[in-house]
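Residues per chain, in single letters:
4 protein chains.
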Amino acid sequence: MHVACGKCLQCRTGEAHICQNVKIIGVDADGAFAEYVVIPESNIWKLDPAIPQEYASILDPLGNAVHTVLAGEIAAKTVAITGCGPIGLFAIAVARAVGATSVFAIEVNEHRRKIAREMKADYVIDPSKENASAFVMEKTGGLGVDVVLEMAGHPDSIRTAFDIVRRGGRISLLGLTSKPVSLNFSEDIIFKGITVQGINGRRMYQTWYQMTALLKAGKLDLHPVITDRIPMKDFSKAMERLKTGEASKILVYPNGVK
Amino acid sequence: MHVACGKCLQCRTGEAHICQNVKIIGVDADGAFAEYVVIPESNIWKLDPAIPQEYASILDPLGNAVHTVLAGEIAAKTVAITGCGPIGLFAIAVARAVGATSVFAIEVNEHRRKIAREMKADYVIDPSKENASAFVMEKTGGLGVDVVLEMAGHPDSIRTAFDIVRRGGRISLLGLTSKPVSLNFSEDIIFKGITVQGINGRRMYQTWYQMTALLKAGKLDLHPVITDRIPMKDFSKAMERLKTGEASKILVYPNGVK
Amino acid sequence: MHVACGKCLQCRTGEAHICQNVKIIGVDADGAFAEYVVIPESNIWKLDPAIPQEYASILDPLGNAVHTVLAGEIAAKTVAITGCGPIGLFAIAVARAVGATSVFAIEVNEHRRKIAREMKADYVIDPSKENASAFVMEKTGGLGVDVVLEMAGHPDSIRTAFDIVRRGGRISLLGLTSKPVSLNFSEDIIFKGITVQGINGRRMYQTWYQMTALLKAGKLDLHPVITDRIPMKDFSKAMERLKTGEASKILVYPNGVK
Amino acid sequence: MHVACGKCLQCRTGEAHICQNVKIIGVDADGAFAEYVVIPESNIWKLDPAIPQEYASILDPLGNAVHTVLAGEIAAKTVAITGCGPIGLFAIAVARAVGATSVFAIEVNEHRRKIAREMKADYVIDPSKENASAFVMEKTGGLGVDVVLEMAGHPDSIRTAFDIVRRGGRISLLGLTSKPVSLNFSEDIIFKGITVQGINGRRMYQTWYQMTALLKAGKLDLHPVITDRIPMKDFSKAMERLKTGEASKILVYPNGVK
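Note that the protein sequences, when read in sequence, are chains A, B, C and D.
Read in our numbering, the first sequence has 125 at position 137, and its numbers run on one by one without any break.
Read in our numbering, the second sequence has 16 at position 28, and its numbers run on one by one without any break.
Read in our numbering, the third sequence has 50 at position 62, and its numbers run on one by one without any break.
Read in our numbering, the fourth sequence has 153 at position 165, and its numbers run on one by one without any break.
To be clear, the hints were calculated from the coordinates, so they are not data collected in a lab.
Don't take each hint at face value.
Intra- or inter-copy, both count: the list cannot distinguish identical chains.
[Said to hold, decoys possible] Mimicking DSSO-like on lysine-lysine, the simulated pairs with C-alpha atoms at most 27 Å apart in a straight line are: (1) K117 with K34; (2) K127 with K(-5); (3) K(-5) with K117; (4) K221 with K108; (5) K11 with K246; (6) K246 with K34; (7) K221 with K(-5); (8) K117 with K246; (9) K180 with K207; (10) K11 with K204; (11) K221 with K11; (12) K231 with K246; (13) K225 with K(-5); (14) K127 with K225; (15) K180 with K(-5); (16) K180 with K11; (17) K180 with K167; (18) K204 with K(-5); (19) K204 with K108; (20) K180 with K127.
All values derive from a computational prediction rather than experimental measurement.
Modelling step: build the complete structure from the supplied sequences, incorporating the hints.
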């Protein structure tokens, strides 16, 4: 989905996902809702035959999840995921597959919390009902979690992220927010000696190799995230279900659901 | 088991496992076969109540496995383990738990190969019967594996390690050998751009935290490695079974098997 | 100066500088302004005879600078230092010594800018007179700097840090601030794919080994930062000079200046 | 000089320098001694005007040095370089520029030792006259060096490398050897917990950015390595001087020395 220029410093040093001149299919050019899409040959990734066909259409957000989870150490670590849209839900599966030992999923929407449970998060928390920070701190013996994957992009969840990360831990930020967020740098970052990462897109092509390997090995069961399979003519109806959170990932079949 | 001095460069910079003045319980001082053992307070690690009691006696070799597997990137990678003594067998479980996508176990002893299968290695190979290198290269599409964990300490298995690691891959050496091993540095290391690591002991205390977390989360089923449970009076008989490879880890009960 | 407990997770995994139970000499207990100070044996670091005696009293802030500069890759990179108090000034010397190729020093106080020039910063900028961000962006060909070391703890300098760091770059935060700082997480961190680190104290004892090695090798000339050498009786006068920024580091001699 | 395929795993994950299908100009195709050379556009690197013109012809071996030195931590570390051909000599300059605190140069050829001294190695040792290992161990207080850059490719120098590296240190192997080398894996690698890296070529394009930055900043004085400047007609004579070691890098001018 990201078309990198191939010539800037970032592209030439293994950081093409933050290319200075990136064009995004669907933002800077027609994307998957258009009748035809033009993309460079190098952006085409051949689906391994061992991977279920229907996963093809969800590889991009899965890639975001893989990139975020694997942006630092994760094996034998406790992880909190704030926000369980599709990427957050995928991140539950990925984190478990690569050795996270406790996964806390924090999400206000009840439909999404239901899927988070199906993805086998160890703890699923509704921050509108209970104090998520207090809950995480208690379950980690007052330590906090090693890793927070922030995938909601909401000032409240970002606040929670900084509250529950342990001293020396990592916060990986993926969720976009248009609102400014206020931090107390001394208390929130410096005294705790934490690392905060901005995560953008997927690593070209490391993320794709990682995803392929995990999927081929059967390490990721993503079916709970695919909530709807619809013929294209029901498009508008499906969009409604996305808004309420009842639907997570919707597979749209041009010629009728198979 | 390793008593570090706490004052050398290595101890003071997070590398106490390769302390310049290390004393090893069982080598430099009486160990677990003695009636009484004296160890410093800081070497005592309290078993978490959630961890099965019988795992207590196998944490040291499990720690070697955890240290070796996690000495570099492993998630979404292919791994070969050359040598399936207890540590190699544990390494199968650990590698799987932290996201290795294919685990090749290479071992000449049939008893050990049987356990390797129970530990759910993806491929179990007898290098005395088939060409292990050819097998691995074929299964990896000619690429070789990302990571080799060398746990046999035999010149043949070391040779295999260098043959099957992919360009840019990692070989982590744990298996001790008294025999000199001959390498072609240009072909074996330099042109392939690989990294070779010597792995010694367990990281203090990082490995112990990692082990505890993985065991508490139920990520490791180590039971197949515990082949024998004997009363102490049958000690000599058990030793025989170790020599043939029929036994892997033997739990010795001072007051009769519970 | 940091007395770590030696028993928490952080202490036991090489992160004692962010010990959960840290006591700071001078904050939690009497410090260098007291007649007597009690510190644990393990906090004593013997000065190598090759290191100038007068550097002994400035090793703590030098350690902050070494920790910050070496908290990520720095060789062959461009670096901006926002805030040139003593630690910022030391950081100029350290960054140059370990291969930073351009050092931008940004500081409002004219006395400090003068010392920054003596420390051989490549560019010294007064952000009250000129647009620091525009200057840095121009000199880096619109790219921004690879690394920002934030040592002022002022909302304005923090703002500058996020403006001038390049995509994929690092911001290491050391300067404390009591005021909340507002960020646009999407623009400031996520799209740029940057890493933000909280830096606290010095790494025990890695930083001390690094400092000793650099000083013994004559890689750091810190004399410009030592602006005043006074007998203890002139203490109050010296404090005045600190407030105006005329003085940077002041050596206080109990028995008269030697 | 390395033409990478751009499509293999290594090329697509930032490791193009160990491309599976690499072609080397001068080995797999006509190189700099041919009248015309054909190389892909992406292999052309524009010399920054701030870099002395005559350095253009030595960037490839300088790149090997930069790649080797920066293949691991180097700041505030002690370094030994075994073998002072041009790449070893360049490595002295690079190591010093990025903060190595002691550089030991070990070389049998007297001409090369002379240049090593001009490159400001801290210690220059003739292993045919004195015991290089004993010398290094004494000067490092019995510890050994943090980093060894092996650039001779001779069994004796490789032996020395393993003898002088400290516990937990790094050996980066660049020097090619056609002879098999015998190691005691237990003593030489495992008990010491060292890391051994094979270094091949230069990182595309990270090394080139690093080189450019260091040269532009005036951090590297490479003139002592350029021993000869000759018109092309004196080619054979120059080759003689290369064999004796009197010449290190020879600049050949097609139209007479400028």
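Q: Please write out, lowest number first, the hints stated earlier that are contradicted by the structure.
A: 1, 3, 4, 5, 7, 8, 9, 10, 11, 13 and 14
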